[in-house]
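S.K.: In case you want the letters, here they are:
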Amino acid sequence: MSARFAPGQAVVVATREVAGHVRVPRYVRGKRGVVERICGAFPNPEELALGRRDASVHALYRVRFAQGELWPDYSGPAGDSVDVELYEHWLEGAQ
Amino acid sequence: MNETSEVPRAHHDVGGLPASDPIDRTEHPLLPWEVRTDALMWTLTDATRPGGPLMSVDELRRGIEALPASDYRSLGYFEKWLLSMIAVMTEKGALSKEKLEERAAALTHAHEDEHARQEKHGRLQ
Numbered sequence: 008m009s010a011r012f013a014p015g016q017a018v019v020v021a022t023r024e025v026a027g028h029v030r031v032p033r034y035v036r037g038k039r040g041v042v043e044r045i046c047g048a049f050p051n052p053e054e055l056a057l058g059r060r061d062a063s064v065h066a067l068y069r070v071r072f073a074q075g076e077l078w079p080d081y082s083g084p085a086g087d088s089v090d091v092e093l094y095e096h097w098l099e100g101a102q
Numbered sequence: 639m640n641e642t643s644e645v646p647r648a649h650h651d652v653g654g655l656p657a658s659d660p661i662d663r664t665e666h667p668l669l670p671w672e673v674r675t676d677a678l679m680w681t682l683t684d685a686t687r688p689g690g691p692l693m694s695v696d697e698l699r700r701g702i703e704a705l706p707a708s709d710y711r712s713l714g715y716f717e718k719w720l721l722s723m724i725a726v727m728t729e730k731g732a733l734s735k736e737k738l739e740e741r742a743a744a745l746t747h748a749h750e751d752e753h754a755r756q757e758k759h760g761r762l763q
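Residue numbers (this note's numbering), protein chains in the order written: chain U, 8 to 102; chain V, 639 to 763.
Worth flagging that the hints you see were computed from the coordinates, not collected in a lab. Heads up, the beta-carbon is just placed ideally off N, CA and C, and yes, glycines get one too. Any given hint could be a false lead.
As the list claims (entries may be wrong) - Going by beta-carbon spacing under 10 Å, a handful of chain V positions derived as facing chain U:
#: 1; residue: R647
#: 2; residue: G654
#: 3; residue: I702
#: 4; residue: P706
Modelling step: build the complete structure from the supplied sequences, incorporating the hints.
M.R.: Rendered as structure tokens:
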């Protein structure tokens, strides 16, 4: 299983809507973050949630978002961030 | 870059929403039925079961997220688990509404009988 993104690379989270169980909180959709690490490769939880045993395997990344990117009115220190673990099929490369 | 505002928010996806009440952090000892619910989930997801697990934690989550918004907000943690487990196992045909009601009625009767026996015993002493 090869990972499309490397640590340090900027990514943007997809904004698409998927019915069922999706492990992508709304507050990161459409937001830009940086790959903090590759966590490994795991079966897609969206497929597992439908009872599929042959779920496709995707790379999972820990993506770091600046708090200011997520919350436009964030008033804490500029270096504050939040890490969210996201599967590769929800990520696009960014500048 | 604000396309997200057009995507309907699932009722469980509350990250970043203002909260009306502070989070209640009170802990309570687990009740016997809650411990049993947890044990049942371990049994259903047992990877060593011949033929594989009967359900996955991802299915549990789907079932919980599919609860009506009012239930999602008002029910307790293990109540949500139980309703989701029932929904998923019913979906798979391993459980039926009739069987469940039959079993619940039998347990209620057994409980009432036991209660009556204890009352009687208590009076005799």
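S.K.: Hint by hint, note whether the structure agrees.
M.R.: The hints, checked one at a time:
{"no.": "1", "hint": "R647", "result": "holds, 5 Å"}
{"no.": "2", "hint": "G654", "result": "holds, 4 Å"}
{"no.": "3", "hint": "I702", "result": "holds, 9 Å"}
{"no.": "4", "hint": "P706", "result": "violated, 16 Å"}
Checked against the numbered hints listed earlier, the structure breaks hint 4 alone; every other hint is satisfied.
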